[in-house]
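The sequence shown begins at 1 in my numbering and counts up by one.
Since the hints were derived computationally from the structure, they do not count as laboratory data. In this text the structure is predicted, and so the values were computed from the model without any measurement. Please note that a few of the clues may not be correct.
Below, computed lysine-lysine pairings styled on DSS-like, alpha-carbon distance capped at 25 angstroms [what the hints assert, rightly or not]:
| hint | residue 1 | residue 2 |
| --- | --- | --- |
| 1 | Lys226 | Lys136 |
| 2 | Lys189 | Lys477 |
| 3 | Lys190 | Lys477 |
| 4 | Lys226 | Lys406 |
| 5 | Lys406 | Lys190 |
| 6 | Lys274 | Lys285 |
| 7 | Lys477 | Lys512 |
| 8 | Lys512 | Lys226 |
| 9 | Lys274 | Lys406 |
| 10 | Lys248 | Lys512 |
| 11 | Lys136 | Lys163 |
| 12 | Lys512 | Lys189 |
| 13 | Lys226 | Lys190 |
| 14 | Lys190 | Lys163 |
| 15 | Lys317 | Lys163 |
| 16 | Lys136 | Lys477 |
| 17 | Lys163 | Lys274 |
| 18 | Lys248 | Lys477 |
| 19 | Lys397 | Lys318 |
| 20 | Lys406 | Lys317 |
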Amino acid sequence: MPISAAQRAVLLTATAVLLAAGCSGSGDKGEESDAPTDFAGLAAQRLEWAPCAPPSAAEGGGPPPSPLPGGAAWECAFMDAPLDYDEPDGETFELALIRARAADPQNRIGSLVFNFGGPGGSGLTALPSFASHYEKLRSRYDLVSFDPRGVGRSEDVECATDKELDAYYALDFSPDDAAEERALSDAEKKYAAGCEEQSGRMLPYVGTENAARDLDLMREVLGDDKLYYFGVSYGTELGGVYAHLFPKKVGRALFDAVVDPSSGTESGALAQAKGFQLALDNFAKDCVARGDACALPGSTVDEIESFITGLLAELDKKPIPGIGDRELTQSHAVNGIAQALYSRQYWQYLEQALDAADGGDGALLLSFSDSMNGRNQNGVYNSLQAANTAVNCVDFKERYTLGQAKEHLSEFRRASPVFGDFMGWSLAGCSDWPVPGVWDRLDVSAPGAAPILVLGTTGDPATPYEGTRAMVNALGKGVGVELTYDGEGHGAYNSGNACVQNTVNAYFLDGKVPASGTVCR
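Take the sequences, apply the hints, and build the full model.
Below you can see the structure in the form of structure tokens.
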């Protein structure tokens, strides 16, 4: 799943998602926002659907999306949206959309709109990649996704050249002395200045509230009375903000891999440090259970994790060969480990990567880090991390300096010997951002909204399970319906668990709302 990297550095997009979750929306806009959308006639625009072009570099590159089973083709279009919703008659920009039509048009319900997280993930590349999981849903829905404002084809945020980004991501994001702290501070300032220079027009307007208003305009342009919505990771936060602003426009909606709306900046990052540590513990337990079949040294969880922390300490002193002329640094290694913990299916490759790094070969672990940072094999970065930073830094007001972040390190280190330092230092990720944040705390209360499925995974590293119940409570009585997957990984629907998929499909296709508290194993 496309997700999260810490404030554009080594931690995950989901880290920044949780940092943003500590910021809040203006809670007084729900009722007025249910009024019909107009925006100088934009709601009446007709989309010109056409065959999709190949993905741009900002979306990751590659060929155009392949046809679906049965030969159904993907179509793409651009929707005009206000740059600033406070000035609906002002500048506009083009929002890029993709869709696959419903397989059974006679029984079509509407458009099911997907957001796969980030913030910063391209829906134009993600939806075709995961479409095989949604064939049952396509029986009665057009599958629709989009590049949110500031992402991919929707006027993407740019901050640095590919060469500059290679150097940036190789930095030490857990500085050990004053010189390394100055180097990190200088790099952060340069990065923020580059974002302002190259994408200053978009930076004030890429926040989650504007994205939620884009969703409502999209709903009208697509011809639906209600929004049918499938949100993953940060997509749950976006969905919660939409429900708060437009409670009476919520149709059937799923929030999968749930951002905790009750977390503050520090508490959210700390919870995620614990979440990744839990996933690493489970990975180590699996290794121990397999005995000699596991390539990593150690016969207990503590011994295996001591091996990992020792490897990271050695990389901090001296990087090892990676890919081409690029080395595997400690920052890359932590980032790569985190990426591999997003799914249990990656555990076997994480084991191989750690074993290879111990032998002096950092290529596989560096490839995981590249995936997290949005770098393809040709050395081209997509817009994921730049947009991720831009969204999170405009969403919330709180700004930590490096000195303030440093004061919290001991607590983060106790939470996770592997991820704590990086999560703690990431608190300062927006300290030099050129645009002020707008929220103090996140408000997703949605009185009067239709029931929303809120689906959490007990072993989710990026959006810890505790956020599921918090989202249910925050949405309000009778709105959030809690559904639990007792398993591993980030996101439950695409895990393949039959109970989860059958429950969600029955809800979307037949309107069957499960009992809140249902558990799938």
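Hints, verified against the model:
| no. | hint | result |
| --- | --- | --- |
| 1 | Lys226 with Lys136 | holds, 20 angstroms |
| 2 | Lys189 with Lys477 | violated, 44 angstroms |
| 3 | Lys190 with Lys477 | violated, 46 angstroms |
| 4 | Lys226 with Lys406 | violated, 46 angstroms |
| 5 | Lys406 with Lys190 | holds, 21 angstroms |
| 6 | Lys274 with Lys285 | holds, 16 angstroms |
| 7 | Lys477 with Lys512 | holds, 18 angstroms |
| 8 | Lys512 with Lys226 | holds, 17 angstroms |
| 9 | Lys274 with Lys406 | holds, 18 angstroms |
| 10 | Lys248 with Lys512 | holds, 19 angstroms |
| 11 | Lys136 with Lys163 | violated, 43 angstroms |
| 12 | Lys512 with Lys189 | violated, 51 angstroms |
| 13 | Lys226 with Lys190 | violated, 43 angstroms |
| 14 | Lys190 with Lys163 | holds, 14 angstroms |
| 15 | Lys317 with Lys163 | holds, 23 angstroms |
| 16 | Lys136 with Lys477 | violated, 30 angstroms |
| 17 | Lys163 with Lys274 | violated, 33 angstroms |
| 18 | Lys248 with Lys477 | holds, 15 angstroms |
| 19 | Lys397 with Lys318 | violated, 37 angstroms |
| 20 | Lys406 with Lys317 | holds, 21 angstroms |
Of the numbered hints stated above, those contradicted by the structure are hints 2, 3, 4, 11, 12, 13, 16, 17, 19, listed in ascending order.
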